[in-house]
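There are 2 protein chains.
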Amino acid sequence: MSFSPRIRQLIDGLRGLPGVGPKTAQRMALHLLERDRGAGRQLAVALEAAMDGVGYCQRCRSLSEEDLCRLCSDPGRDDSLLCVLQSQADVWAVEQAGGFNGRYFVLKGSLSPIDGLGPEEIGIPALLASMQGRAVTEVILATNPTVEGEATAHYIAGLLRPKGIRLSRLAHGIPLGGELEFVDGGTLAHALAGRTVLD
Amino acid sequence: MSFSPRIRQLIDGLRGLPGVGPKTAQRMALHLLERDRGAGRQLAVALEAAMDGVGYCQRCRSLSEEDLCRLCSDPGRDDSLLCVLQSQADVWAVEQAGGFNGRYFVLKGSLSPIDGLGPEEIGIPALLASMQGRAVTEVILATNPTVEGEATAHYIAGLLRPKGIRLSRLAHGIPLGGELEFVDGGTLAHALAGRTVLD
Ligand SMILES: [Zn+2]
Ligand SMILES: [Zn+2]
Numbered sequence: 001m002s003f004s005p006r007i008r009q010l011i012d013g014l015r016g017l018p019g020v021g022p023k024t025a026q027r028m029a030l031h032l033l034e035r036d037r038g039a040g041r042q043l044a045v046a047l048e049a050a051m052d053g054v055g056y057c058q059r060c061r062s063l064s065e066e067d068l069c070r071l072c073s074d075p076g077r078d079d080s081l082l083c084v085l086q087s088q089a090d091v092w093a094v095e096q097a098g099g100f101n102g103r104y105f106v107l108k109g110s111l112s113p114i115d116g117l118g119p120e121e122i123g124i125p126a127l128l129a130s131m132q133g134r135a136v137t138e139v140i141l142a143t144n145p146t147v148e149g150e151a152t153a154h155y156i157a158g159l160l161r162p163k164g165i166r167l168s169r170l171a172h173g174i175p176l177g178g179e180l181e182f183v184d185g186g187t188l189a190h191a192l193a194g195r196t197v198l199d
Numbered sequence: 001m002s003f004s005p006r007i008r009q010l011i012d013g014l015r016g017l018p019g020v021g022p023k024t025a026q027r028m029a030l031h032l033l034e035r036d037r038g039a040g041r042q043l044a045v046a047l048e049a050a051m052d053g054v055g056y057c058q059r060c061r062s063l064s065e066e067d068l069c070r071l072c073s074d075p076g077r078d079d080s081l082l083c084v085l086q087s088q089a090d091v092w093a094v095e096q097a098g099g100f101n102g103r104y105f106v107l108k109g110s111l112s113p114i115d116g117l118g119p120e121e122i123g124i125p126a127l128l129a130s131m132q133g134r135a136v137t138e139v140i141l142a143t144n145p146t147v148e149g150e151a152t153a154h155y156i157a158g159l160l161r162p163k164g165i166r167l168s169r170l171a172h173g174i175p176l177g178g179e180l181e182f183v184d185g186g187t188l189a190h191a192l193a194g195r196t197v198l199d
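If you're matching them up, the sequences are chains A and B in order. Read in order, the letters of the first sequence correspond to residues 1 to 199 in UniProt numbering. Read in order, the letters of the second sequence correspond to residues 1 to 199 in UniProt numbering.
None of these hints come from the bench; they were simulated from the model. A portion of the hints provided could be inaccurate.
Chain copies aren't distinguished; within one or between two, either way the pair holds.
Below, simulated SDA-like cross-link-like pairs (lysine to any residue); rule was C-alpha separation at most 25 angstroms, straight line [to be verified]:
#, residue 1, residue 2
1, 23, 154
2, 108, 38
3, 108, 155
4, 23, 39
Whenever a hint applies, use it, and build me the whole structure from the sequences.
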């Protein structure tokens, strides 16, 4: 099938989205071209604005279009409580679950020596630096309940325990070996409320 | 969940794609922002080019960025054979099935008096006009095998039969009541090869 150049380019562009194969891309292209060009133009503008204008928060390392993200600059949140997560998707999942009003720090994944991901690569020194001069009394180590996530929590706990900071993990209820991002909000809210203190 | 404006706009823009709900849109936005900004920029460029630069072929009414589409301007195709379809998706489906080397005409759907879709609305006068001065000897009425599609084929057959043009329908093999667009290529190629002549 030889599509004309702009239609070909559109189908190829849509295949750059995760989970979109050739048939789905064709269906999307047809929908936009035949039924909703306004939606196509809006998406183009939104993509440009986001790809060029969204960076990372200097404090918590979450996606942000300001130096300091909305969660870090919100004066209504509890500075004494810091939740450490291993991805941006997890921040969104916890926020959407509700029930947490502290601050966040986003690691770049979890420790995985096989993949060359050590403390530096995933941002643990940046986590410690971000805590300096702040009155954090509890750190919730909300990494995934996987081998790597547990190892990451354990490693950070070893660094923070000498500072007398209360350390906690999310309560179980989260399926073992599962990914935080895909847990339903209710379970996640429950796990947050029932978080266990590390001794 | 209060996303920052550009991230909110991106998620909303992605929801303009068919079949993309809130969770999928978030996952797509994260993928583009965190893993592939190049793909996001390419999609933006492709959308702009396509939404503004793709119109309709003046002869066959299929999507085209030129006055005459590639299929109409290809000198290697058989001018004596005209396949009438009820959507652009059907043109792509027939082309992808292979085995057809004639020309096309794309109706805007099928006759549906209840919905106010008469011959004028779906482009039947334009079909007749496009055939003037051309040596079409056979018209394949490849509308869907639904009540409306059959009625549309029947209506067009009534107009063309007096002109001595051979009329055909796609061979069965296509599931009754089904949509052409979703039939697999093999079945579609088979149905084309075994098309039946209307008496
Ligand atoms: Zn922040
Ligand atoms: Zn054409």
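Consistency of the hints with the structure:
With identical chains, the CA atoms of residue 23 and residue 154 are never at most 25 angstroms apart, being 45 angstroms at best within one copy and 31 angstroms at best between copies. Taking the shortest alpha-carbon separations for residue 108 and residue 38, only the inter-copy value of 20 angstroms comes in at or below 25 angstroms, while the best intra-copy value is 36 angstroms. Taking identical chains as interchangeable, the C-alpha atoms of residue 108 and residue 155 lie at most 25 angstroms apart only when both belong to the same chain, with a minimum of 15 angstroms there against 63 angstroms between chains. Taking identical chains as interchangeable, the C-alpha atoms of residue 23 and residue 39 lie at most 25 angstroms apart whether they share a chain (20 angstroms) or sit on different chains (18 angstroms).
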